[in-house]
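Given the sequences, and given the hints that come with them, work out the whole structure.
One-letter residues, chain by chain:
2 protein chains.
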Amino acid sequence: MKQWPDLDTLKFNSDGLIPAISQQHDTGEILMMAWMNRDSLQETFTSGVACYWSRSRKQFWRKGETSGHVQHVKAIRTDCDRDTLLLIVDQVGVACHTGRKNCFYLEAQDNQWVEIAEPLVDPEAIYGKPSKN
Amino acid sequence: MKQWPDLDTLKFNSDGLIPAISQQHDTGEILMMAWMNRDSLQETFTSGVACYWSRSRKQFWRKGETSGHVQHVKAIRTDCDRDTLLLIVDQVGVACHTGRKNCFYLEAQDNQWVEIAEPLVDPEAIYGKPSKN
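The listed protein sequences derive, respectively, from chains A and B.
Residue numbering for the first sequence follows the numbering used here, starting at 363 and increasing by one per position.
Residue numbering for the second sequence follows the numbering used here, starting at 363 and increasing by one per position.
Keep in mind the hints are simulated off the structure, nothing from the lab.
Mixed in with the good hints there might be a few duds.
If chains are identical, the list can't say which one is meant, so a pair holds when it fits in one copy or spans any two.
[As the list claims (entries may be wrong)] Straight-line Cα separation of at most 27 angstroms, BS3-like style, residue types lysine-lysine; simulated pairs:
1) Lys436 x Lys364
2) Lys463 x Lys364
3) Lys373 x Lys463
4) Lys436 x Lys463
5) Lys373 x Lys420
Shown next, in the form of structure tokens:
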């Protein structure tokens with residue numbers, strides 16, 4: 363995207379971060395939730411693929427950089443409080459590092475968290491072969 | 363719901379909170395994102411309607427208590443990191459306090475945040491008449 367709105371109208375938290383939900387554009391599937399800072403959001407606008415902020419590594423997390431499973435961004439929305447982002451994306455491959463299409467595969471059923479989706483891809487096949495990068 | 367899984371397996375943040383995304387069960391529409399603490403999540407399991415934690419008021423936020431626009435919870439999921447919740451709900455009325463069905467009505471278009479949805483209900487009609495509680 364060549365232009366973007368004033369990002370200072372968004373409410374980043376005390377760590378300078380804002381939660382970003384990603385949703386598959388054609389199915390409505392919620393893929394994952396991660397965090398962005400102002401710079402990674404601007405990078406996302408610039409590149410057109412989702413770039414999050416890794417809170418553990420304290421650096422850009424260019425989603426899919428290793429796996430090829432990038433998220434092509436079709437729209438970026440915010441909510442009434444401007445403290446959460448919704449990215450409408452086209453997910454290449456799978457969103458979850460476990461090889462599942464989306465990260466929300468644990469469902470409360472009775473007194474257990476039950477896996478409701480199987481991996482579509484072997485995680486080793488995603489991350490184990492640098493030649494696929 | 364009569365039972366729930368071990369909530370201590372979830373990762374609440376340093377404030378004891380976890381983000382909770384709500385999605386309309388039949389349309390896939392993402393309604394809103396709010397926060398829960400352990401007690402409000404347990405209350406949600408117990409009551410079957412979404413109960414968030416109001417960070418500003420520091421108390422239970424029983425969604426729809428004033429407006430009647432409750433969220434009947436059909437499923438509660440968590441993600442691979444167990445640090446985000448996804449509530450599959452049936453939203454009565456509208457989710458957003460502005461009268462819109464969902465809160466994510468501001469979309470980045472060129473250099474502006476553009477409203478992409480109109481209110482379906484007058485906010486005053488939601489909150490202005492205590493007799494409707």
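*So which of the earlier hints does this model not fit?*
2
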